[in-house]
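Engineer: Sequence:
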Amino acid sequence: MEDPLFKADINVGGDDTSYKFQGFPDEVHANQSFILQATLSKDNGTAQYDISTATGTLYVVGYKDSIIPITILTAAAFSDSGAFGGGTTDRATFTVPKDVIPEVLGTLPLRNPGNAVFYFILEDGDSVLQFFQQVNVLDTNYTLTNDASPGPNTIVVDKNDLGTVESVTTTAPPAADLNVAYVVAPGATGVWALQDNNLAIGNGLDWIFSTPEEGNFVYVLDDPGHKVFDSSLWIDLLPPDDSITNAKLSNVAQDTIKGRITAGAGDPEDLTATQARTVLNVGDGAQVVTVAAGANITVDATDPANPIVAASGGVGDMLISTYDPATVSEQLVGLTAAQALTNKSVNGVTLNSAGGGVARLKDDGTYTNVTPAEVGNGTAQWNANKVQGNDVEAFTAGAPDDAKVLTWVDANSRFELLTPPGAGGGEVNTLALAPGATGLDPTEPKSGLELRTKGFTSGNGVTQAIVGDDIQTTGITATDSQIGVVELATDAETATGTAIDRALTPASAASHYAPRSIAPDI
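Numbering (my numbering), first residue to last: 46 to 567.
Just so you know, these hints were derived from the structure itself, not from any lab. Don't take each hint at face value.
Said to hold, decoys possible - Using 25 angstroms as the maximum straight-line C-alpha spacing, the simulated PhoX-like pairs for lysine-lysine come out as follows:
1. 303 with 293
2. 407 with 431
3. 449 with 499
4. 87 with 143
5. 431 with 499
6. 65 with 87
7. 65 with 52
8. 143 with 52
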């Protein structure tokens, strides 16, 4: 499609000279492209006007508006129009691409003859010429009546975009270079004072300020991204709720999980399998078991980390993420049919019916398989090393440990294998005579496992016998032919002299048999 061509014939010199040209229609759109072709003549339009040494620039500005800065549209290209026989450069052509005319000009009230001024300047080392035309620049968005969108954070194409700014945090005004723009940060100084949050645009000499409306947004160069004005602050321009759909996350590689494992806040990352397990707090090779709600089964996941499963009158199915019908067949409680289950793994030890399915916990906290030959075959393979949580001394049973018992030793805080008191020669105590005894000592020192006493023997006239639990000593009655015990005669027996086998005491003999006095025979 061709750009519209606007032509202007301008006479310079003579009483027909005019610096106001007529080349544009009454209105142009803010975003349209066009070509302005200005041909200059002189002497009341009778000869070509030579502009071969000139340079030219086309500008646009709001008519009598102190806010919107002057905008450079394009530079001139010069040629010979061929008028009056040609031979002289007399034509300046300005080719303006779309989207160069500032959008903000379309927000100005319409005027007669125009709300904006298009003008071009031709100059060389000796002179300068300036020509202008007032034109109404139309807003390209016909759905709104002002420069604010229906709500904050809503992008309206060709309406709310205030263009690109250098920064939104600068407080000290730099040089007002042509067409350089800033958002004045709160607390600004110098000529920016009291212009907080306003748009500051340089015109090459001074700053022109424009007050934003809610919904206006800019692109910020020193903090790449868009900022939107929310009626009091410039904030990050965020997408509306529910606007990011799966369709917009295009070109995601197969088997990709997005998240963030790097410390601190930041952009999402493609997670490796190891990183995903870390985020989910799932160990390598772990199985995921869930309980499905169903008939008479409810699952309360108010706290996802601690779901509550309630059953009433029924049994729920156990769902296992790895399902292999070719290995172990078991029946779940409450089900009528046998269910095919995979071999289950405990800390890397596979439990299965073919191998016996027994795992042993080792001292280092890991598990190892136990084969059927190692279990229940009468040969000790592993022994408990704790009793109710207390350590047991390591030992190997054998001849040196015969008749010993497992005994708690406070000093060592463990159970140890010890010889019981009084067994195996372990005790040194012996049988001893009572401290107050004055008779013969019948005891002997302990020898090995034996406690010994001396033997008792009988002399003449005495016999010994075991009577029940006693050792009984009995005297032998004396006779004419046998040494033994002679009983003492009673007083009656002594007096009568009837006993012939009794012994007399001296007192008894003196009493009854005292010698009589015999007078001397003189």
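Engineer: Is the hinted pair residue 65 and residue 52 satisfied, with a Cα-Cα distance of at most 25 angstroms?
Structural biologist: holds, 13 angstroms
Engineer: Between residue 143 and residue 52, does the CA-CA distance stay at or below 25 angstroms?
Structural biologist: holds, 18 angstroms
Engineer: Residue 407 and residue 431: Cα distance at most 25 angstroms?
Structural biologist: Holds, at about 13 angstroms.
Engineer: So if I understand the rule, the pair passes when the alpha-carbon distance is 25 angstroms or less; does residue 65 with residue 87 pass?
Structural biologist: Holds - the C-alpha atoms of residue 87 and residue 65 are around 15 angstroms apart, at most 25 angstroms.
Engineer: Need the status of pair residue 303, residue 293: alpha-carbon distance at most 25 angstroms?
Structural biologist: holds, 15 angstroms
Engineer: Would you mind confirming whether the straight-line C-alpha gap from residue 449 to residue 499 stays at or under 25 angstroms?
Structural biologist: Roughly 31 angstroms separates the two Cα atoms, so the pair is violated.
Engineer: Would the hint linking residue 87 and residue 143 be met if the CA-CA limit is 25 angstroms?
Structural biologist: Judged against 25 angstroms, a Cα distance of about 33 angstroms means the pair is violated.
Engineer: Does the alpha-carbon distance linking residue 431 and residue 499 stay inside the 25 angstroms limit?
Structural biologist: Status violated; Cα separation ~48 angstroms.
The structure shown violates the earlier hints numbered 3, 4, 5.
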